[in-house]
Amino acid sequence: MTADTARMPVSLRVFVAVSVGFCALRTLSAATWLVFGAGFEGRHATAEAFFLLSKAFLGGLFWFISLPIEGWRNPIAWLFIPWG
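Here the numbering used here runs 22 ahead of the position in the sequence shown, where the first position is 1.
Just so you know, the hints here were simulated from the structure itself, not pulled from any lab data.
Bear in mind that the values here come from a model prediction, so they are computed numbers and not experimental data.
Just so you know, not all the hints are guaranteed correct.
[What the hints assert, rightly or not] Derived SDA-like pairs (lysine to any residue); straight-line CA-CA distance at most 25 Å:
1) 77 with 96
2) 77 with 42
3) 77 with 59
4) 77 with 45
5) 77 with 94
6) 77 with 91
[Stated by the list, open to error] Here are the computed distance ranges between Cβ atoms for each label pair:
7) 68 with 37: 32 to 38 Å
8) 61 with 29: 43 to 49 Å
9) 98 with 37: 19 to 25 Å
10) 39 with 62: 32 to 38 Å
11) 33 with 61: 39 to 45 Å
12) 59 with 31: 37 to 43 Å
13) 37 with 60: 31 to 37 Å
14) 59 with 37: 27 to 33 Å
15) 29 with 72: 20 to 26 Å
Built from N, CA and C at the ideal position, the CB exists for glycine as well.
Based on the sequences and whatever the hints tell you, model everything.
In structure tokens:
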């Protein structure tokens, strides 16, 4: 196996970079909202925080599914969850 065949294809590297970028941006946006946002309503603050962070992370990880389903109406709100 040569060095050229051991490398990932460029399209796979771009796909992974886009997925990591969406995950990071959405998770950072959700964490910022949890720290500086309006706060929680109700008694289940831990469950709400976990739900929001997992929705942000998984929506960024599976962006190729989440963006057409949730983001077709407002892509900026999809990108900066839950600010939108």
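For each hint, the structure was consulted:
no., hint, result
1, 77 with 96, "holds, 17 Å"
2, 77 with 42, "holds, 15 Å"
3, 77 with 59, "holds, 17 Å"
4, 77 with 45, "holds, 10 Å"
5, 77 with 94, "holds, 17 Å"
6, 77 with 91, "holds, 13 Å"
7, 68 with 37: 32 to 38 Å, "holds, 33 Å"
8, 61 with 29: 43 to 49 Å, "holds, 47 Å"
9, 98 with 37: 19 to 25 Å, "holds, 22 Å"
10, 39 with 62: 32 to 38 Å, "holds, 33 Å"
11, 33 with 61: 39 to 45 Å, "holds, 42 Å"
12, 59 with 31: 37 to 43 Å, "holds, 40 Å"
13, 37 with 60: 31 to 37 Å, "holds, 35 Å"
14, 59 with 37: 27 to 33 Å, "holds, 31 Å"
15, 29 with 72: 20 to 26 Å, "violated, 37 Å"
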